[in-house]
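Colleague: Starting from the known structure of chain A, fit chain V onto it as the hints suggest.
Those protein sequences? They're chains A and V, same order as listed. Counting from 128, one number per residue, gives the positions in the first sequence under my numbering. Counting from 128, one number per residue, gives the positions in the second sequence under my numbering.
Because the hints were derived from the structure by calculation, they are not lab data. Treat the hints loosely; a few may be bogus.
Identical chains blur together in the list; that is why a pair holds if it fits in one copy or across any two.
What the hints assert, rightly or not - With a straight-line Cα cutoff of 30 Å, these simulated DSS-like cross-link-like pairs (lysine-lysine) come out:
1. Lys718 <-> Lys458
2. Lys619 <-> Lys678
3. Lys214 <-> Lys174
4. Lys718 <-> Lys674
5. Lys413 <-> Lys512
6. Lys132 <-> Lys718
7. Lys619 <-> Lys718
8. Lys352 <-> Lys458
9. Lys136 <-> Lys678
10. Lys462 <-> Lys352
Predicted model only: the values in this text are computed from it and were never measured.
2 protein chains.
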Amino acid sequence: MPAYKAPVKETLFLLNDVFNIEQYRSLRGFEDLSPDLLSAIFEEAGKLAGEVLQPINLSGDQQGCKRLPDGSITTPDGFIAAYNTLKDGGWVGLSADEAHGGQGLPATLTILINEYFASANLAFGMYAGLSQGAYAALNVHASDDVKSKFMEKLASGEWTGTMNLTEPHCGTDLGLLRTKAVRADDGSYNISGTKIFISAGDHDLAENIVHLVLARIEGAPEGTKGVSLFVVPKRKVDADGNAAETNGVTCGSLEEKMGIHGNATCVMNFDDANGWLIGEENRGLKAMFVMMNEARMGVAVQGLSVSEAAYQNAVTYARDRLQGRSLTGPKFPDKIADPIIVHPDIRRTLMSIRSFNEAARALIVWTALKSDEAHRTPDSDARQKASDHLSLLTPVLKGVLTDRGFDNTVAAQQVYGGHGYISEWGMEQFVRDARIPMIYEGANGIQALDLVGRKLPADGGRALQAFLGEIGMFIQAHATDEDMQPFVLPLKTAAEDLQAATMWFMQNALGNPDHAGAGSTDYMHMFGLVSLGYMWARMAHVCLQQKSEGKGDVAFHDDKLLLGTFFAERHLPETAFRRVRVENGSESMMKMAADRF
Amino acid sequence: MPAYKAPVKETLFLLNDVFNIEQYRSLRGFEDLSPDLLSAIFEEAGKLAGEVLQPINLSGDQQGCKRLPDGSITTPDGFIAAYNTLKDGGWVGLSADEAHGGQGLPATLTILINEYFASANLAFGMYAGLSQGAYAALNVHASDDVKSKFMEKLASGEWTGTMNLTEPHCGTDLGLLRTKAVRADDGSYNISGTKIFISAGDHDLAENIVHLVLARIEGAPEGTKGVSLFVVPKRKVDADGNAAETNGVTCGSLEEKMGIHGNATCVMNFDDANGWLIGEENRGLKAMFVMMNEARMGVAVQGLSVSEAAYQNAVTYARDRLQGRSLTGPKFPDKIADPIIVHPDIRRTLMSIRSFNEAARALIVWTALKSDEAHRTPDSDARQKASDHLSLLTPVLKGVLTDRGFDNTVAAQQVYGGHGYISEWGMEQFVRDARIPMIYEGANGIQALDLVGRKLPADGGRALQAFLGEIGMFIQAHATDEDMQPFVLPLKTAAEDLQAATMWFMQNALGNPDHAGAGSTDYMHMFGLVSLGYMWARMAHVCLQQKSEGKGDVAFHDDKLLLGTFFAERHLPETAFRRVRVENGSESMMKMAADRF
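With the rest of the complex left out, here is chain A (with noise of 0.2 Å):
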């Protein structure tokens, strides 16, 4: 049976240590985050994630969500409990403001704890995560009589929310959504059409579900112009705000899928379901890509959560199972055998997992605080430097961390031999889980392309200039201090390659974008590796300096040199490689005629 202990070392670490999270103490929300009350609050969500979430994740899987005779759905043994426990604890809403009946915290918070949530069990946290995604776009674009209705609702979790997009013919091209809105009498609107691959679409944990729907309002444009928000609730809301009524809104069957069996991944139905217009007519994309880019961070925190999992069961594993001998001579001489993990291949394979999520956290941690400075802060010029780096850090997350991050379950699981092919030790689960971040919330080819495409060339390059102007601020700032070499030199290697391929996009796909396309998923990834390259090289400063002055945890400040040295040693080296492909172009795939594919 797999095991889970969240990090909150690690969490508390870069929150206090690395990015301060004392300077934004001016800011709403932060106010009271002393380094205690951080540290109460993690280690209470570690607890509930280790000891509620984690022991219903395996079984979860294997029941699997259920769609009952009657057309209801329930979640697996275990689920109800734990969301009320979740939801009683008041940890649904923790970032929701005030006057929702929230905890007003910052987001960040959320993000950071819900990496736990989702390591303990990914197909469970889904169901909140996706409440936190409703209620921020409600938030900013919804009407104050339609946020009187769901907010309350939402943020105490008591009602959960979705996001209904794909349609069986369109998903990443959303202007050809078919579902339709028509204009009733009072204002509101009658929503027709079917809906697919819609997670938390239909269970038993909530009495109402707060449904955010793409639709076409009669007569709208074609395309991406004539596409409206709507929120839909599977029941009505009656004068009191209670659930009422049912409200033309099914689920007309579950997906089969590969992983998340726990999450009730459902075709929705929507037959003349009454609902309101979010934001402005034709304007639903916009509106949508609040929830989105919210989604997205989530997502990307998914990958990570997946990754540490497994890691921390593959070490278990890596300790027990004895096996062979050190190739240097036995270490465990009385033992039959010495424990894997004496192996140097096990060792490559543990310290690549745990060096790129050590550093996918600090890269999280730094982007969340970016997005409630953007968010929070009243200096409108830092305002718009948080946001800049929100924007352009957000596909590079979403799409290096689920990729990564899978990659990770695969190679903990390689560590358990034939027994991570078996499902009772639950390493197979992760796999499959861990799969599905690298297609939902835009396939990581699309966050490749949004990388490239928009974000790059936003603003003149405003936000990449900042970001590699901090970055090669930071080296010069160390460039004489000897120990820091380790980190900075590799790292300022792989941010002139990262440069240059930068330079090689603007010379030549301003002409042919193709050349964009070809190379936009190793420039993500070039991308992804500078960045946590660069979150090492920060994390080993702190320890660097700590250390002298004697403070803090030698053990921990020594494997944190030691894993940001194999990062900087192993992965960083990887951007020389992904450049030359870059710099290859797009001619080879592109003069290949379709038919001879």
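Modeller: For chain V alone, coordinates are given in the frame of chain A:
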């Protein structure tokens, strides 16, 4: 529903044009293999794969094998009928000796046909594949008496075979095994113990199952030096050679696993089961290695198989799925959107897979022919060279083709977006099925160690020198051929990287074997890249030659030249990155204490 069409033209191009199978016509079994006969055999095998095995692949996965209350095991619907077709067509014993009722054809043919069968239905193909492995092991090591009991039945497919190695506490380290053998008065042995992960361990396809079992004879030395190999049938064999009463061999349970659900993976209980020694006492591992090497080659092929099936389906989807527009403007303005095959990132994915598949198939053909040569040529010098090649390349094929094959199924699944995660499309099955070849028959980390620790240094590095020598000569021979430069120049660089990494091991790993362990996986992949790059250079040469002679199919040649260029541009440069990793050694990963992971 996924589909599959066997790449017969590819197979024949490799056999006839690239590797000139004609040159072997003097060897046993090759005499009658005219191009026409080869074409007929592969066409027929392809038909069987596409029309009989493929249609029961998805349903076989969904239904799985079942253990009935009486302990018997059933395979999914359609498996019995398909197996009978396979058996009646003489496919199981295609390469078995004519003395045993086989067709005496080269092993190369069986290996290449098994590619088709495993593409169509990996779980199904394993039943016959294991019989072929058991046949090979018995053919080399069994006494005439034992052979007379089993060989004809295995060759005809009436009975099937298995390998019983793994026990709960030992997989890689077989020296730890506990299954015991007690000598009976008649010279046979009674075997008792439990084996796990036994593919095709029990089923309803054949009236008897021939288990090859590793066990320890009472009083034998500890460790690998006390392990013997036995043949233990499910049912005893009567004087007429027919299956008679049961023999204390039962399937205790079926393993719940990630994939290959159509294959019965059994926990096997041996309870005083009667069997016969194969080969010498306490030399069981040596005898088993015949079967394992055979099996490793077969598993390597499975890596290609699933990659090929995944590729074919991803191409179909990419041509059919209309979504978005080309980056350079609409290509099908009359349709609601362009098919996604217009996108460079999709083409990159597809060409990556295909440029691997075609070179991997070439590598299999090259090595399979060497295997036949090693077994069948009367020329002792040629035999040694062929045997060196086979020995050196087996771990590379197993490790690289299954690692990359799996990655390719994941990439092909990604082309489908959300549909890739849904079972009915079949792509997620390919991923789950393709995961096991990386693990069984020696996890890929073990293959890498076998390559670096055993195969490289064997006979003073003779095999490696011959391998690199051949590639060096090829590069030199084409040094002034301008059309060949896109293939030989990147190959030259890659081969130099491989040579440098080898040199680094020689200079560093003799003193510290951990350096070899730390770099082994990267080295294996470098070796694979150079091997595949060499295959592309050879194929390109044949294509250019045939083009210049006005022979053959121009479009076929042009596709190959494009794919070869793509591989050289985008995959071969990976050796430089892998080399950096090898040369970084083991320090960072060995320094961390086991309890700090």
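Colleague: It remains to establish, for every hint, whether it holds in the given structure.
Modeller: Taking the hints in turn, this is what the structure says about them:
1. When the C-alpha separation of Lys718 and Lys458 is checked against a cutoff of 30 Å, the pair qualifies only between copies, where the shortest distance is 14 Å, while the shortest distance within a copy is 56 Å.
2. With identical chains, the CA atoms of Lys619 and Lys678 are at most 30 Å apart within one copy only, with a shortest distance of 29 Å there and 52 Å across copies.
3. In the homo-oligomer, the alpha carbons of Lys214 and Lys174 lie at most 30 Å apart inside one protomer (15 Å), although the nearest pairing across protomers, at 58 Å, exceeds that limit.
4. Taking the shortest Cα distances, Lys718 and Lys674 sit within 30 Å of each other only across copies (19 Å), while inside one copy they are farther apart (56 Å).
5. Proximity of Lys413 and Lys512 under a CA criterion of 30 Å is satisfied intra-copy only: 21 Å inside one chain copy versus 66 Å between copies.
6. Taking the shortest alpha-carbon separations for Lys132 and Lys718, only the inter-copy value of 24 Å comes in at or below 30 Å, while the best intra-copy value is 51 Å.
7. In the homo-oligomer, the alpha carbons of Lys619 and Lys718 lie at most 30 Å apart only across protomers (25 Å), although the nearest pairing inside one protomer, at 35 Å, exceeds that limit.
8. For the homomeric pair Lys352 and Lys458, the shortest alpha-carbon distance between copies (21 Å) is at most 30 Å, but the shortest distance inside one copy (67 Å) is not.
9. Proximity of Lys136 to Lys678 under the C-alpha cut-off of 30 Å is restricted to the intra-copy arrangement: shortest distance 15 Å within a copy versus 68 Å between copies.
10. In the homo-oligomer, the alpha carbons of Lys462 and Lys352 lie at most 30 Å apart only across protomers (18 Å), although the nearest pairing inside one protomer, at 69 Å, exceeds that limit.
When the structure is compared with the earlier hints, no violation turns up for any of them.
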